[in-house]
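Chemist: Chain residues, written in single-letter form:
Number of protein chains: 2
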Amino acid sequence: MSATDLSAQLLALGIPLHADPAVTLTDWRKRYQGTARAVASPGSTDEVARLVSHCARERIPIVPQGGNTGLVGGGTPDDSGEAVLLSLARMNRIRAIDTENDTITVEAGCVLANVQQAAREAGRLFPLSLAAEGSCTIGGNLSTNAGGVQVLRYGNARDLCLGLEVVTAQGEVWDGLRGLRKDNTGYDLRDLFIGAEGTLGVITAATLKLFPLPAAQLTAFAAVPDVESAVALLNLAKRRLGSSLTAFELISEFCLTLVDQHFPQSRRPLASASPYYVLMESSDSESAEHAQALFEALLGEAIESGLVTDAAVAASIAQSKAFWALRENIPLAQAMEGKNIKHDIGVPISSIAEYVAQTNAALAAAVPGIRMVVFGHLGDGNLHYNVSPAVGADDDVFMANEPQVNQIVYEAVARHQGSISAEHGLGQLKRNENVHYKSAIELRLMRAIKQALDPLDLMNPGKVLPDSP
Amino acid sequence: MSATDLSAQLLALGIPLHADPAVTLTDWRKRYQGTARAVASPGSTDEVARLVSHCARERIPIVPQGGNTGLVGGGTPDDSGEAVLLSLARMNRIRAIDTENDTITVEAGCVLANVQQAAREAGRLFPLSLAAEGSCTIGGNLSTNAGGVQVLRYGNARDLCLGLEVVTAQGEVWDGLRGLRKDNTGYDLRDLFIGAEGTLGVITAATLKLFPLPAAQLTAFAAVPDVESAVALLNLAKRRLGSSLTAFELISEFCLTLVDQHFPQSRRPLASASPYYVLMESSDSESAEHAQALFEALLGEAIESGLVTDAAVAASIAQSKAFWALRENIPLAQAMEGKNIKHDIGVPISSIAEYVAQTNAALAAAVPGIRMVVFGHLGDGNLHYNVSPAVGADDDVFMANEPQVNQIVYEAVARHQGSISAEHGLGQLKRNENVHYKSAIELRLMRAIKQALDPLDLMNPGKVLPDSP
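Chains as they are written, first to last, in this note's numbering: chain A, 1 to 469; chain B, 1 to 469.
Note that these hints are calculated values from the structure, not bench results.
Just so you know, these numbers come straight off a predicted model, no measurement behind them.
Please note that a few of the clues may not be correct.
Sample of chain B residues with no beta-carbon within 10 Å of chain A, all distances over it, derived [unchecked claim]: (1) Thr-103; (2) Ala-118; (3) Ala-131; (4) Ala-132; (5) Asp-188; (6) Val-231; (7) Lys-321; (8) Met-336; (9) Gln-358; (10) Ala-366; (11) Gly-381.
Sample of chain A residues facing chain B (criterion: CB under 7 Å; computed from the structure) [unchecked claim]: (12) Gly-179; (13) Glu-296; (14) Ser-421; (15) Ile-449.
Built from N, CA and C at the ideal position, the CB exists for glycine as well.
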């Protein structure tokens with residue numbers, strides 16, 4: 001069957017095609033270029049179900065895609081041209097908002113920022129927040145169990161979801177859109193579809209948790225002498241601020257140097273340099289004054305005990321945004337610096353200092369002059385442990401080291417019972433790498449579930465699960 | 001094979017038998033009396049794996065059991081005498097505690113109160129808390145996804161678990177004991193085994209989340225004119241107290257009357273009677289004074305707006321315990337009053353007032369004089385909507401109404417997209433009832449997963465899944 005055939009068949013089934021299919025076939029990081037037999041853009045759950053039923057009958061693989069902002073190629077088809085790309089982008093309605101139950105029900109294609117906005121207009125907070133929030137969609141956030149900057153307090157995307165609507169691999173609609181905090185009436189299908197990257201079915205809608213809007217948010221920037229002190233500060237902050245502590249990010253001095261260089265308009269909050277910094281945010285249910293008093297007491301105590309050498313609390317929303325911009329501009333600055341090797345590792349928080357010390361040393365020995373761009377969500381044990389080439393080194397020569405660098409980084413992760421993908425998922429980028437760090441029995445359990453729910457292997461094939469042994 | 005044969009075989013395999021098998025064969029509520037071919041009491045994961053392997057080879061069904069405090073017969077074998085009962089009670093070691101990572105790793109047979117205690121001794125909080133905590137075990141808590149009184153702030157058992165060790169139906173050990181807040185490297189097997197009531201495998205150990213100990217806990221008791229006001233008070237309290245609000249329980253006047261009658265030493269906190277009351281708890285990260293000030297401001301505001309007619313804040317830990325005893329003695333008082341029909345329903349919080357009004361009216365019309373014992377975890381949308389016979393009615397005549405009463409209660413639940421088992425699970429009590437309130441497709445997905453992980457149907461057969469159609 002040719003592309004034209006399938007497109008014509010879909011139109012005959014009443015399923016619209018995507019207006020600009022080309023934009024859907026390359027991933028965000030431009031690592032993967034796929035082809036597709038057709039790019040469908042259904043506008044309703046019923047249309048998705050019809051599409052999937054048709055594909056199941058005709059044995060056509062399906063690659064679901066949301067905002068196409070994923071970092072592991074999970075939404076890009078292979079280059080065989082066999083698959084249909086299923087864009088959820090047009091399914092972007094907010095179906096319901098229930099402020100008394102603190103829930104919002106949205107379709108998979110809703111852009112995250114629009115969900116945040118709808119919640120805010122109803123006087124509520126939807127706390128999922130990440131760099132791509134202006135483009136990424138809720139369906140993709142759930143399919144990859146997205147993390148972001150407020151996981152410390154509110155959890156991952158998984159923790160923010162109460163119910164799902166899913167089109168199964170057979171093209172049936174499972175209506176699991178329950179807005180319940182407690183429901184023990186069977187297996188946890190919801191959490192199985194969440195994080196499955198579209199390989200078990202297509203998430204078409206979700207009922208999500210809302211929270212009260214905080215009365216005030218406050219940001220602080222603190223210099224710490226080393227990673228150990230940052231971890232100790234985290235534990236002190238959790239004790240003193242309780243669950244008001246909503247973000248706790250680590251930034252190395254080299255990260256700030258890169259930002260200084262490539263964003264010359266940015267200003268450092270502190271006068272002197274320090275090996276590491278911490279960016280903290282508190283979300284206070286009382287008032288800005290209360291948040292301020294708690295932060296000042298915390299930082300005073302931390303300075304006295306030597307955990308913090310200097311600190312600044314943002315005096316305005318503009319200043320708070322400037323603090324956050326330093327953090328958010330790190331990956332951009334690193335990209336401007338040239339090619340680099342990215343990681344998204346997770347380890348127990350108690351292992352982070354040792355992890356960074358050991359891995360820095362091992363990489364420096366293996367690739368002389370290599371520069372570590374260490375930053376990320378310390379509060380969740382998740383670092384974007386990226387590496388850039390030595391000054392003056394050739395980018396392509398450096399990138400040839402990627403397998404060796406990954407091996408050093410991931411074997412250190414494995415030694416600390418960590419994760420090689422804390423928040424980005426596996427997609428096609430890491431699915432085979434995963435074999436070295438997952439037990440055979442866990443992979444067998446995963447394969448058994450895949451076989452049970454998608455026996456024809458039509459749902460996003462070539463993602464998540466490794467090639468058969 | 002006779003019971004003696006199997007017991008001898010298990011001993012030959014080095015698997016100890018239970019010293020007092022009789023106590024394991026009747027459920028907590030004494031609704032079910034099972035028999036077993038043998039009652040094994042292994043002391044290690046390796047012994048559990050050997051037992052399960054042997055049973056898989058010999059096609060012997062296995063019923064796992066923790067503290068035997070479940071309320072739906074999930075841990076009781078049927079009366080065929082075919083199954084082996086697998087008691088996890090001897091697997092009760094705390095394996096590790098990591099205060100810097102805020103995690104504790106415990107074996108399945110650890111009694112919940114002992115886990116709480118171990119956490120407290122390390123200066124941390126393990127927040128799962130429920131009436132049976134002195135006897136129930138972590139394995140059972142996870143297998144039933146237990147709820148309790150602090151779900152509003154800390155979530156269900158599911159939300160408190162980061163990693164599991166599981167013996168699969170094939171007798172293999174899956175070591176998923178990861179202490180990571182973020183890990184997106186495959187399907188969420190953890191949440192599949194949690195809440196599966198032992199029908200997919202045997203949980204042998206878990207890595208659980210710990211939290212900072214609050215600086216102060218404070219309890220308040222407030223009279224509210226109706227359920228609507230209780231819900232409005234909940235939303236006000238969430239806004240004013242943020243996540244310091246750790247419990248929010250509803251109690252009807254009739255509940256307190258029963259407690260007055262059967263626990264004559266108990267004292268009501270408020271002078272006059274009210275249709276409903278709310279028991280609230282705050283866990284404050286600052287101080288008792290701070291908690292007190294927030295509670296007083298909240299209650300003042302609520303009294304001014306008419307949501308609350310009278311309120312008392314506990315002035316001491318003893319008084320706080322006395323407030324909680326009123327709540328905890330409700331099921332005991334109801335039992336002393338005679339037989340009764342229990343429910344464990346969940347509905348969206350926005351539907352609770354309507355649910356209670358409609359269901360009260362429907363039951364009163366169907367069974368004249370019936371008395372509703374309405375209480376429970378309003379903050380989670382979960383009520384123990386129990387009913388007692390009319391004054392002077394014959395207990396057994398009343399109990400004959402159980403199917404009709406359940407139907408009225410559960411059909412109202414279904415109309416509000418609720419749950420017929422919010423926190424107790426299905427076990428053998430509700431698995432067939434569930435067919436009327438679950439979609440055929442959801443049941444099919446559940447069966448596909450059961451078939452994938454336990455194709456021989458040896459893991460706790462006759463639980464959770466309904467009889468085949």
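Chemist: Compare the structure with each hint and give your call.
Modeler: These are the hints, each one checked on the structure:
1. Thr-103: It is violated; B/Thr-103 is separated from chain A by about 7 Å at its closest Cβ, not greater than 10 Å.
2. Ala-118: Non-interface label on B/Ala-118 holds, nearest chain A Cβ at 17 Å vs cutoff 10 Å.
3. Ala-131: holds (16 Å)
4. Ala-132: holds (15 Å)
5. Asp-188: Its Cβ does come within 10 Å of chain A, the nearest being 5 Å, so this is violated.
6. Val-231: violated (6 Å)
7. Lys-321: Fine: 23 Å to the nearest Cβ keeps B/Lys-321 off the interface.
8. Met-336: holds (27 Å)
9. Gln-358: holds (17 Å)
10. Ala-366: holds (24 Å)
11. Gly-381: Violated: least Cβ distance 6 Å, not greater than 10 Å.
12. Gly-179: holds (5 Å)
13. Glu-296: Because about 14 Å separates A/Glu-296 from the closest Cβ in chain B, which is outside the 7 Å limit, the hint is violated.
14. Ser-421: This interface hint holds because 5 Å falls under the 7 Å limit.
15. Ile-449: Hint on A/Ile-449: holds, closest Cβ of chain B at ~6 Å, below 7 Å.
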